[in-house]
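Asks: Dock chain B against the given chain P, drawing on the hints supplied.
As given, the protein sequences belong to chains P and B, one line each in that order.
Oh and the first sequence: position 163 is 163 in the working numbering, straight run, nothing missing.
Oh and the second sequence: position 164 is 164 in the working numbering, straight run, nothing missing.
Read the hints as simulated data drawn from the structure, not as lab findings.
Treat the hints with caution; some may be incorrect.
Which residues of chain P face chain B? A partial, calculated answer using Cβ under 8 Å [to be verified]: (1) Gly74; (2) Ser75; (3) Gly76; (4) Ala77; (5) Ile79; (6) Val173; (7) Ser178; (8) Asp179; (9) Ser181; (10) Thr206; (11) Ser207; (12) Gly213; (13) Lys217.
Even for Gly, the Cβ is constructed at its ideal location relative to N, Cα and C.
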Amino acid sequence: MKRIAGKLLIFVAFCSLAVYLVSSIDLAEQTVLAQSTLLINGAGATFPYPIYSKWFDEYHKKYPNIQINYQSVGSGAGIKQVTEGTVDFGASDGPMNDDQLKAYRDKYGYGILHFPTVLGAVVPTYNIPGVKAALNFTPEALAGIYLGQVTKWNDPAISAANKGVNLPGENIVVVHRSDGSGTSYIWTDYLSKVSDEWKTKVGKGTSVNWPVGLGGKGNEGVTGLVKSTPNSIGYVELIYAAQNNIDYGAVKNASGAFVKANLASVSAAASSAAKEIPDDFRVSITNAPGKTAYPISSFTWLLIPEKFSDAAKRDAIKGFLKWALTDGQSYVENLSYAKLPKEIVAKESKVINSIQ
Amino acid sequence: MSTTTTTVPSAGPAAGSHSIFARLRTGDEIARLITFIFAASVVLISLLLIFELWRGSVLPRHKFGLHFFFTDVWDPIFDHFGARPFIYGTLITATVALVLAVPLGIGAAIFLAELAPQRISDTLQFFIDLLAAVPSVIYGLLGVFVVVPIMRQYVQPGLQHTLGFLPLFQGPAYGVGFLTAGFVLAIMVIPYIISVSREVLLSVPRNQREAALALGATRWESTWKVVLPFARTGIMGSVFLALARALGETMAVTMVIGNTPTISASLFSPGYTIAAVIANEFSEATSDLHVQSLVELGLVLFLLTFILNGLARLLIVVTAQRGSGTAQA
Numbered sequence: 001m002k003r004i005a006g007k008l009l010i011f012v013a014f015c016s017l018a019v020y021l022v023s024s025i026d027l028a029e030q031t032v033l034a035q036s037t038l039l040i041n042g043a044g045a046t047f048p049y050p051i052y053s054k055w056f057d058e059y060h061k062k063y064p065n066i067q068i069n070y071q072s073v074g075s076g077a078g079i080k081q082v083t084e085g086t087v088d089f090g091a092s093d094g095p096m097n098d099d100q101l102k103a104y105r106d107k108y109g110y111g112i113l114h115f116p117t118v119l120g121a122v123v124p125t126y127n128i129p130g131v132k133a134a135l136n137f138t139p140e141a142l143a144g145i146y147l148g149q150v151t152k153w154n155d156p157a158i159s160a161a162n163k164g165v166n167l168p169g170e171n172i173v174v175v176h177r178s179d180g181s182g183t184s185y186i187w188t189d190y191l192s193k194v195s196d197e198w199k200t201k202v203g204k205g206t207s208v209n210w211p212v213g214l215g216g217k218g219n220e221g222v223t224g225l226v227k228s229t230p231n232s233i234g235y236v237e238l239i240y241a242a243q244n245n246i247d248y249g250a251v252k253n254a255s256g257a258f259v260k261a262n263l264a265s266v267s268a269a270a271s272s273a274a275k276e277i278p279d280d281f282r283v284s285i286t287n288a289p290g291k292t293a294y295p296i297s298s299f300t301w302l303l304i305p306e307k308f309s310d311a312a313k314r315d316a317i318k319g320f321l322k323w324a325l326t327d328g329q330s331y332v333e334n335l336s337y338a339k340l341p342k343e344i345v346a347k348e349s350k351v352i353n354s355i356q
Numbered sequence: 001m002s003t004t005t006t007t008v009p010s011a012g013p014a015a016g017s018h019s020i021f022a023r024l025r026t027g028d029e030i031a032r033l034i035t036f037i038f039a040a041s042v043v044l045i046s047l048l049l050i051f052e053l054w055r056g057s058v059l060p061r062h063k064f065g066l067h068f069f070f071t072d073v074w075d076p077i078f079d080h081f082g083a084r085p086f087i088y089g090t091l092i093t094a095t096v097a098l099v100l101a102v103p104l105g106i107g108a109a110i111f112l113a114e115l116a117p118q119r120i121s122d123t124l125q126f127f128i129d130l131l132a133a134v135p136s137v138i139y140g141l142l143g144v145f146v147v148v149p150i151m152r153q154y155v156q157p158g159l160q161h162t163l164g165f166l167p168l169f170q171g172p173a174y175g176v177g178f179l180t181a182g183f184v185l186a187i188m189v190i191p192y193i194i195s196v197s198r199e200v201l202l203s204v205p206r207n208q209r210e211a212a213l214a215l216g217a218t219r220w221e222s223t224w225k226v227v228l229p230f231a232r233t234g235i236m237g238s239v240f241l242a243l244a245r246a247l248g249e250t251m252a253v254t255m256v257i258g259n260t261p262t263i264s265a266s267l268f269s270p271g272y273t274i275a276a277v278i279a280n281e282f283s284e285a286t287s288d289l290h291v292q293s294l295v296e297l298g299l300v301l302f303l304l305t306f307i308l309n310g311l312a313r314l315l316i317v318v319t320a321q322r323g324s325g326t327a328q329a
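Next up, chain B with everything else stripped away, as it sits in the complex:
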């Protein structure tokens, strides 16, 4: 997302005393002003958001301070609020989702962009766009009725038998929990990864591939060693888009995660995410401290996305310097 400053060509001989009038008449200046306002509104909205979240969370910020981040208890009756299990749940589910979705998504994008015949590629792309447009509550229902029973009956016992020595796969199998939430999230974010990555791969110049092939590389070698590195920053962009969606997803997650604020190494354990607890409790929160603690959770989620996005930017800058293709995130 690089800001391109288009220098308006000066209006030739008319430039001078009539310049503003002339430029207004051609519409350039007006268009410039309007688009500038649109662009500025994005910044304004972000700032307003932070300001409102900050203003709306005065009570818990004063009462708990930094303890808010390190407390595990969430008790609306006795007014103890801590964000740690929710931050943990948000990060874990997003991580599980990306671990599952990134290889699958990028693999599919490579097939669609590099290997598949045009017609198959376009047909599949249609279905992928369709998947991206499915409302998240549908994925949630799918999770509850299909994924949860399968997880409980087959996947979780299976994992326990084979990989049960890892702390990741221990404890009772409820079906709901971090793993299921991560899995459903993975299904939801894969279309984004595929769509964006495919576009990026398709935009890699043809001569890059031809050069690699001319040097004697096989089709796969040219894809793996030339095309992918060239498109690396764009693909990372798709992954971060997916991450953003995974962090903020509410409906589908709350339906399959078990909604229990726990911190557990086991992926079978039920958990809770920031977005889910806000959606669940906001409408019925009666005490001011409860409401404001939920608002502060919103602020935490905002910061979390902010930090992760910052890291993503950094990663792109660092890898771009190591000499990949043009930055086109």
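With the rest of the complex left out, here is chain P:
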């Protein structure tokens, strides 16, 4: 008994010594960091997280004295945190609405700017036993299915656009996201544009009151439900579908062409919308015109305050934004995001200069 106690004592002593050593090293490191590194904190959307973390990492390699931390806590939380001032910048998949902008201006006396960074898209995915062909979806079909009015796969609303495909007369099992997400925002934004009934009954948002269907958590939850449920339909991010080799359908765009989502067709949607983009960049590009434009596309935004009290921080953020929109765009397509069109980058560069 005594021997064990003795050993234990030595062990504890050793442990505390180790902890002490490690913590002193850590402390030393922190003091070095504090002296030379400029820490910038951001929080927000999860959808652009892979590209943002790549950017921040590359930028840190380029400028070792600037370190940008990003928490992917969700668009809503990003807007909230930047409004509360707990982070230096926010990020969101949906633009801030007028009330949120007003709340920000009332609190600080200056506004907040939106900067589109990359583009994403949402695609319809389905699982119909015996159907291998890529299906074509009209806006009416998608809205009808998600409103619960088109209930069978062989409904004329679907079959008319898919001549030659033998669609079964089975009930459609509708799957949507259960967690609040930018993906749902883009999807419901699109449905609101193409269906008045959707707009008045359901509306657009990160979480909505779905008329029908099962909820899956995350892209993986939706995919899991669709894959395991025969005759189901769901929607996922293009990136997720591309990385996991999930088949998805084409959607009829505003010009009447059926377009499958890919990086080119998503960028095309942004280009065609670029001519009419407002000065604050708060624009939805779903259902964009243009023959090659994929209609369920969207920007994702960084939310940057108009004024910074800390000049070093301001310069670092301005520098980063310029880099991300020019050199940084070379990392975009490797991660399956679509690039910003040149017109928009040019316009954004001007706005970056206005940050004070």
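Replies: Using the frame of chain P, we list chain B on its own:
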């Protein structure tokens, strides 16, 4: 959980003017103070929790009042929030879980404590403790990939054929829903029931069993008529621990319940629980009313656990008065 007040023996002749100093030196008083602070912090945390939840849900409490409990709509876009489908889903899944888990868990505990040889009992106990330590997201994945397909293809059609006349087993079989969520929850809470019940059964004094056997009872009769009643309050304690876990479980449930706020008599129907909707929507909730309604749901869940725990206490008191063994929950 009875609070035992240990009376510190007065420090003999030193008691008097030096008493506090003497007691401080022996450490008794310090230990007493420290442990008292620890115990008090539990109460403090609970009160703080209620206070924060109450404070954080001002908007919906004023806007909806008691309607919050009786409304079925949950619409973040048009700002209508009602908790009823979530309360229903929480209670139903917990009920299904307990209905499945309690007989199984107690049965297993009886075997382990009363019938199995020591070595087998200890080995099995090791695995049960292991099960209790598995993170819930693992159970969720198991649910999605294994339980859901089996439910949809075999269990639900089977139930529909045999017991389909009951409203419980009607409607389309999606695989996800109340039944599946309850089933996964049952798997998750069984280890708790077995572990605690086994300990309680093992702590039943040996002479109780011997007395029953001496009176001519068989092994099973002594277990059923003497040991179990003696251990009843402790076993109930294990069931309520399981209930608490079932009510609050989030990850595993949200992965298999279908996440649709519905009230339906059918266990095949997809549903939603309070914990699941909070986890799903909190991070992306933008409007104040939406966030605060989620906070109020948290308050509702807190109240629900509070009420159920109160009932549990009451049940233990009532049954203890009817003359079972010592209270040892």
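Asks: For the hint on Ser207 of chain P, does the least C-beta distance to chain B fall short of 8 Å?
Replies: Since the shortest Cβ distance to chain B is 5 Å, the answer is holds.
Asks: Under the criterion of a CB-CB separation shorter than 8 Å, is Ile79 of chain P in contact with chain B as hinted?
Replies: With Cβ-Cβ at 6 Å, under 8 Å, it holds.
Asks: Does Val173 of chain P hold up as a contact with chain B if the rule is Cβ-Cβ below 8 Å?
Replies: Status holds, d = 7 Å.
Asks: Against chain B, run the beta carbon of Gly76 of chain P and see if the smallest gap drops under 8 Å.
Replies: holds (4 Å)
Asks: Is the shortest C-beta separation between Ser181 of chain P and chain B less than 8 Å?
Replies: Since chain B brings a Cβ to about 6 Å from Ser181 of chain P, closer than 8 Å, the hint holds.
Asks: Under the criterion of a CB-CB separation shorter than 8 Å, is Lys217 of chain P in contact with chain B as hinted?
Replies: Check passed: Cβ of Lys217 of chain P comes within 5 Å of chain B, closer than 8 Å.
Asks: Would the hint on Gly213 of chain P be counted as holding, given a Cβ-Cβ threshold of 8 Å to chain B?
Replies: holds (7 Å)
Asks: Against chain B, run the beta carbon of Asp179 of chain P and see if the smallest gap drops under 8 Å.
Replies: Asp179 of chain P check passes; min Cβ-Cβ to chain B is 4 Å, inside 8 Å.
Asks: Would you check whether Ala77 of chain P satisfies its interface hint, that is, whether its CB is within less than 8 Å of any CB in chain B?
Replies: holds (5 Å)
Asks: Does the closest beta carbon of chain B sit nearer than 8 Å to the beta carbon of Ser178 of chain P?
Replies: Because about 3 Å separates Ser178 of chain P from the closest Cβ in chain B, which is inside the 8 Å limit, the hint holds.
Asks: Restraint: Ser75 of chain P near chain B, CB-CB cut 8 Å. Satisfied or not?
Replies: holds (6 Å)
Asks: Let me know if the C-beta of Gly74 of chain P comes in closer than 8 Å to any C-beta of chain B, holds or violated.
Replies: holds (4 Å)
Checked against the numbered hints listed earlier, the structure breaks none of them; every hint is satisfied.
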